[in-house]
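**Student:** What follows is each chain in one-letter form.
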Amino acid sequence: MRLILELALTHIAGRGRQTIVAILGVALGVGFSIAMAALMQGTEKDFIAQLVDTMPHVQITDERRTARSQPAEDLFAAAQFEALRPKEDRRGILNPAAATASLRSWIPGRMAQSLRTQGVIRYAGRDVGVAIIGIEPEIEARVSSVAGDFVQGSFDSLRAGGNNIVVGDSLARRIGASTGTTIQVVAPTGQSRGFRIAGQFHTGNVARDEGEAYVLLKSAQILSERPNAINDIRLRLDNPEAAPRVARQAEAELGYKAVPWQEANESLLEALVVRNVVMYTVVGAILLVAGFGIFNIISTITHEKARDIAILKSLGFTQGNMRRLFLIEGLALGLAGSLVGWLIGFLLCFALSQVEFRLSGAGVGREMTRLPLFWSPWHYAIASAFALISSGVAGYLPARQAARLNPVDIIRGAT
Amino acid sequence: MSLLIEAEHLTRILPAIVPVSLVRDVSLTVSEQEFIAITGPSGSGKSSLLYLLGLLDRPTSGTLRVAGQDTSSLDDDALARLRLEMLGFVFQFHFLLPEFSVLENVKLPMRKAGRLSSTAMRERAASLLEELGLAGHLDKRPDQLSGGQRQRVAVARALANDPHVVLADEPTGSLDSKSSEQVFQILQDLVKKRGKTVIAVTHDMDIAARVDRRIHLVDGAVVSDERVAQAAV
Numbered sequence: 051m052r053l054i055l056e057l058a059l060t061h062i063a064g065r066g067r068q069t070i071v072a073i074l075g076v077a078l079g080v081g082f083s084i085a086m087a088a089l090m091q092g093t094e095k096d097f098i099a100q101l102v103d104t105m106p107h108v109q110i111t112d113e114r115r116t117a118r119s120q121p122a123e124d125l126f127a128a129a130q131f132e133a134l135r136p137k138e139d140r141r142g143i144l145n146p147a148a149a150t151a152s153l154r155s156w157i158p159g160r161m162a163q164s165l166r167t168q169g170v171i172r173y174a175g176r177d178v179g180v181a182i183i184g185i186e187p188e189i190e191a192r193v194s195s196v197a198g199d200f201v202q203g204s205f206d207s208l209r210a211g212g213n214n215i216v217v218g219d220s221l222a223r224r225i226g227a228s229t230g231t232t233i234q235v236v237a238p239t240g241q242s243r244g245f246r247i248a249g250q251f252h253t254g255n256v257a258r259d260e261g262e263a264y265v266l267l268k269s270a271q272i273l274s275e276r277p278n279a280i281n282d283i284r285l286r287l288d289n290p291e292a293a294p295r296v297a298r299q300a301e302a303e304l305g306y307k308a309v310p311w312q313e314a315n316e317s318l319l320e321a322l323v324v325r326n327v328v329m330y331t332v333v334g335a336i337l338l339v340a341g342f343g344i345f346n347i348i349s350t351i352t353h354e355k356a357r358d359i360a361i362l363k364s365l366g367f368t369q370g371n372m373r374r375l376f377l378i379e380g381l382a383l384g385l386a387g388s389l390v391g392w393l394i395g396f397l398l399c400f401a402l403s404q405v406e407f408r409l410s411g412a413g414v415g416r417e418m419t420r421l422p423l424f425w426s427p428w429h430y431a432i433a434s435a436f437a438l439i440s441s442g443v444a445g446y447l448p449a450r451q452a453a454r455l456n457p458v459d460i461i462r463g464a465t
Numbered sequence: 365m366s367l368l369i370e371a372e373h374l375t376r377i378l379p380a381i382v383p384v385s386l387v388r389d390v391s392l393t394v395s396e397q398e399f400i401a402i403t404g405p406s407g408s409g410k411s412s413l414l415y416l417l418g419l420l421d422r423p424t425s426g427t428l429r430v431a432g433q434d435t436s437s438l439d440d441d442a443l444a445r446l447r448l449e450m451l452g453f454v455f456q457f458h459f460l461l462p463e464f465s466v467l468e469n470v471k472l473p474m475r476k477a478g479r480l481s482s483t484a485m486r487e488r489a490a491s492l493l494e495e496l497g498l499a500g501h502l503d504k505r506p507d508q509l510s511g512g513q514r515q516r517v518a519v520a521r522a523l524a525n526d527p528h529v530v531l532a533d534e535p536t537g538s539l540d541s542k543s544s545e546q547v548f549q550i551l552q553d554l555v556k557k558r559g560k561t562v563i564a565v566t567h568d569m570d571i572a573a574r575v576d577r578r579i580h581l582v583d584g585a586v587v588s589d590e591r592v593a594q595a596a597v
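Residue numbers (this note's numbering), protein chains in the order written: chain A, 51 to 465; chain B, 365 to 597.
The shape of chain B in the complex, shown without the other chains:
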């Protein structure tokens, strides 16, 4: 198994009058086909760590390699490119573009990447949405969907460019238990069936209990990083 993400002594300090340490000296590696939950009390730096790993933010110190590439030497545009090709994001709120249809939203990252023809993009987006149980909603606007459906569209969008890693920030945080379960199942299928790596920040202990690996943060530092032997699902 090759290493997708290698972090060494990552530290992120928010500059302020009294500087705040969001992430302190975190070292970890992420391999292919892992389902990782980052847990911890609120304010423990879970999301901050996820943003660092997702190249949305730069560490104050420490090194981060994604797919073997040292990211500290890359400029913002190169990071954007890497996000486009390697990573997919799902946030607590769906962040779909309200003016575009579900299908267009999913096509957006593909169009940005510009590798597929427009019919191929359409087919891929449609098949992703169908797999996520949204077959009848392709041309709807995001505001015509339920919360769980929107979050599934967001997952489809995260998968659009076939990333290696899907980063999810409280993906079920604003959903009811039924929708949460659906979204969790989808994330789990990504790992088990599609061989993706999913890193999810969650405070939902029920979810945290069912992943392969749990990283627990307190005050920005890793206090435990344990692999969980899962009973076969």
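Okay, chain A solo, but in the shape it has when bound:
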């Protein structure tokens, strides 16, 4: 009803300073929650992007989700076997050429196979346990993020000689070696060979920089005495989000465990969910406080306008009219606050996006120089919805009170 709306706006307009404070309360709440949501989601996306960037999207290893059934069990379905000594599996992905060929035919992205084994790097009397990864340099470079993190040399440097190795820079520092140094690599099989460091990389991930060494696939196969074997296929998909689906399909096809990045980082992703819950709680709290501001102004108005309420009711306005009047006032404040809040949120986001800072220090790989912000209309919508709900509630409570006022009490009180 236009009349009610007009009355509501007149009431609000009649209280300039208080109205501005209440609107600002909501606006700051909305603005900060928008900025916070943008920052939270921005950092989340940035984090996931880095995760997706550094991890293979799907990793297929020579493991199985459940222990393989034994041949005896296959033969005699009805019998129960006790103390059966399992047949020893040949480690590695069986028939790797066929497996990779069939994967290559349908996978939407690129893939690289490798042989991963444990080893010890020995140099100048120091022993360091590392993962020895046998790769094919030109394929690996298309799949692994390490390719972009070389400080010296590259994956291609491996090609320059049969006994070349690339290691993380921390590892090199730890054992006191530098590019060009020849180090001893000892495999679990007892094989020991000298490798010349042909390159160093720095990913920023200490575990990798200290614990990974890349050699040619052939060298790794020789070291672990498993000719033609691979035990690790890594996929890099065009669309990282498709990883779980691709993993399921690959697993069904090959029978080997295929782990999408989401599964590999489940605990991290769960932490992000918790972070979001925390964020929404804080945002909710901010807007709740803003709601109290609205509650405050509207109950003040209802008290101050008790005479108006009395006269309007005596003129023939109903309780419902009065309730609506103050509810509209609350919502109007909430709406005005939302709109101003959008502006504040937008400006805050803009300001935050301009902030530049440098993470210095030797151990830092990727330097984050700008705050990652993610812009989404949803942030604006959710913050406003929150604000409108809280202002609606904040308006409704005093409105109900005011509507119940008995005009006689007020008229009597005035005389």
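If you are wondering where the hints come from, they were derived from the structure by calculation, not from laboratory data. Note that the structure is predicted; figures quoted are calculated from it, not measured. Where a beta carbon is used, it is the ideal one built from N, C-alpha and C, also for glycine. Some hints could be false.
[What the hints assert, rightly or not] Label-pair distances were calculated between CB atoms; the ranges are:
#1 S437(B) - V332(A): 50 to 60 angstroms
#2 E396(B) - L55(A): 46 to 56 angstroms
#3 V332(A) - P383(B): 44 to 54 angstroms
#4 D389(B) - L338(A): 16 to 26 angstroms
[Claimed, not checked] Here are some of the chain A residues that sit facing chain B, going by a computed Cβ distance under 7 angstroms:
#5 Q91
#6 T93
#7 L365
#8 Q369
#9 P457
Given chain A, work out where chain B should sit, using these hints.
**Tutor:** Same frame as chain A, but now just chain B:
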């Protein structure tokens, strides 16, 4: 003459630790075109009776019919509707909305009723105000007017929806004698010229002496209800 208000055994008890009887067993009828004064010492329940008759308050017991309708069976919204259409109020204090102009204040009940177009409402409000001698003040705020002028605006507002009954609670209570006289004249004209019924609570004996009918209350009960033969004015 048809009966506008019929009250039978109206009683209003204010619930409290010691309940207070505001109005006790009042029976009366009000017809068209009557000018009634309710008098009595302060605290005798004059205003309480007026609020009951004006449907602002509900009786604890007794029945009240307005325009033939039994009001005890109506809910608050129906009572509000009845007030809007049948009754107009003038209080001791003007109770005008301070943020709205004089004209807007008078239009308010019409807008609530929503029967007239906006130009018709404006015309009606303006003509009411002009008749009450406020022609030059239509766009002023209530606080720019004198007490007597404000009370006349309140009368115009009470008349906005052309009610059958105007209920006035000490309409001259806060006015000087000159303004009081003006307001009284206006109320009297409502009865004589417009055929309205006016029920006014007053402790002003001068006014009480000049109405058609006087209802005297003591301790919430009617002690006398007399029609006064008026010399032609």
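**Student:** Hints first: check each against the structure and report whether it holds.
**Tutor:** Each hint, compared with the structure:
1. S437(B) - V332(A): 50 to 60 angstroms: Cβ of S437(B) to Cβ of V332(A): about 53 angstroms, so the range 50 to 60 angstroms holds.
2. E396(B) - L55(A): 46 to 56 angstroms: Taking Cβ atoms as reference, E396(B) and L55(A) lie about 38 angstroms apart, which means the hint is violated.
3. V332(A) - P383(B): 44 to 54 angstroms: Given a distance of about 53 angstroms, which is inside 44 to 54 angstroms, the answer is holds.
4. D389(B) - L338(A): 16 to 26 angstroms: violated, 53 angstroms
5. Q91: Constraint on Q91(A) not satisfied, violated at 44 angstroms.
6. T93: violated, 49 angstroms
7. L365: Result: holds, 5 angstroms to nearest chain B Cβ.
8. Q369: holds, 6 angstroms
9. P457: holds, 5 angstroms
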